[in-house]
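S.K.: Once you've looked at the hints, dock chain V against the given chain U.
Protein chains in written order, with the numbering used here: chain U, 13 to 124; chain V, 124 to 237.
It is possible that some hints are incorrect.
Simulated crosslink set (EDC-like; lysine to aspartate or glutamate; CA at most 20 Å straight-line) [stated by the list, open to error]:
no.	chain 1	residue 1	chain 2	residue 2
1	V	Lys165	U	Asp111
2	V	Lys178	U	Glu78
3	U	Lys61	V	Glu225
4	V	Lys165	U	Asp97
5	U	Lys70	V	Glu225
6	V	Lys143	V	Glu210
7	V	Lys165	U	Glu100
Because the hints were derived from the structure by calculation, they are not lab data. Note that the structure is predicted; figures quoted are calculated from it, not measured.
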Amino acid sequence: AQSVSQHNHHVILSEAASLELGCNYSYGGTVNLFWYVQYPGQHLQLLLKYFSGDPLVKGIKGFEAEFIKSKFSFNLRKPSVQWSDTAEYFCAVNAGNNDMRFGAGTRLTVKP
Amino acid sequence: GAVVSQHPSRVICKSGTSVKIECRSLDFQATTMFWYRQFPKKSLMLMATSNEGSKATYEQGVEKDKFLINHASLTLSTLTVTSAHPEDSSFYICSGVSGGYEQYFGPGTRLTVT
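Same shape as in the complex, but just chain U (with noise of 0.2 Å):
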């Protein structure tokens, strides 16, 4: 089966700074990847997801991936975070069977 691992436990960073969450896989197949965000109080909401294609995905918010196969990698990024960025992110990988393995998240903390 599956893994996903998120190597950062928590970020903290001072807007106007670069962002960049690491995310590894284990799976030698074909994937689908997904980075989710989670405001405080509030429900998962999709950043972005590959499927196919530009291995550099961009999303809501500002925030871009990039799928990296060698390295089994989908890594989120965004040039300069804002104090609203402040939630938790997870990575999430489908191996095409609707079987979704989500990474154990990094909370990211923006000071203003």
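M.R.: Here is chain V on its own, set in the frame of chain U:
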């Protein structure tokens, strides 16, 4: 985007009682629904997968007799926590899929068992 609702959003019950949580897809037909459990400061743990009209498939370690799942229609799935105990206190989240791989998540239900 597709909307999934859950009811109730919060519930407090006494130990030994049963609690039912509803998950509804409001603007799409969810051929498959998933139930997750989220522990504090932890990730989502898949509990079970249900397809409309058939029995749910439970993940290893999840007691099917304790967590009863019914997916009676393409827009409704229910999770019943039977004989709840304090260790069942958690945040329960459902999601629905309509023919693709993207899951649409409900807002979650906070269960507290006293």
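S.K.: Could you run down the list of hints and mark each one as holding or not?
M.R.: Here is how each hint holds up against the structure:
{"no.": "1", "hint": "V/Lys165 / U/Asp111", "result": "holds (19 Å)"}
{"no.": "2", "hint": "V/Lys178 / U/Glu78", "result": "violated (38 Å)"}
{"no.": "3", "hint": "U/Lys61 / V/Glu225", "result": "holds (8 Å)"}
{"no.": "4", "hint": "V/Lys165 / U/Asp97", "result": "holds (19 Å)"}
{"no.": "5", "hint": "U/Lys70 / V/Glu225", "result": "holds (16 Å)"}
{"no.": "6", "hint": "V/Lys143 / V/Glu210", "result": "holds (17 Å)"}
{"no.": "7", "hint": "V/Lys165 / U/Glu100", "result": "holds (10 Å)"}
The earlier numbered hint that this structure contradicts is number 2, and it is the only one.
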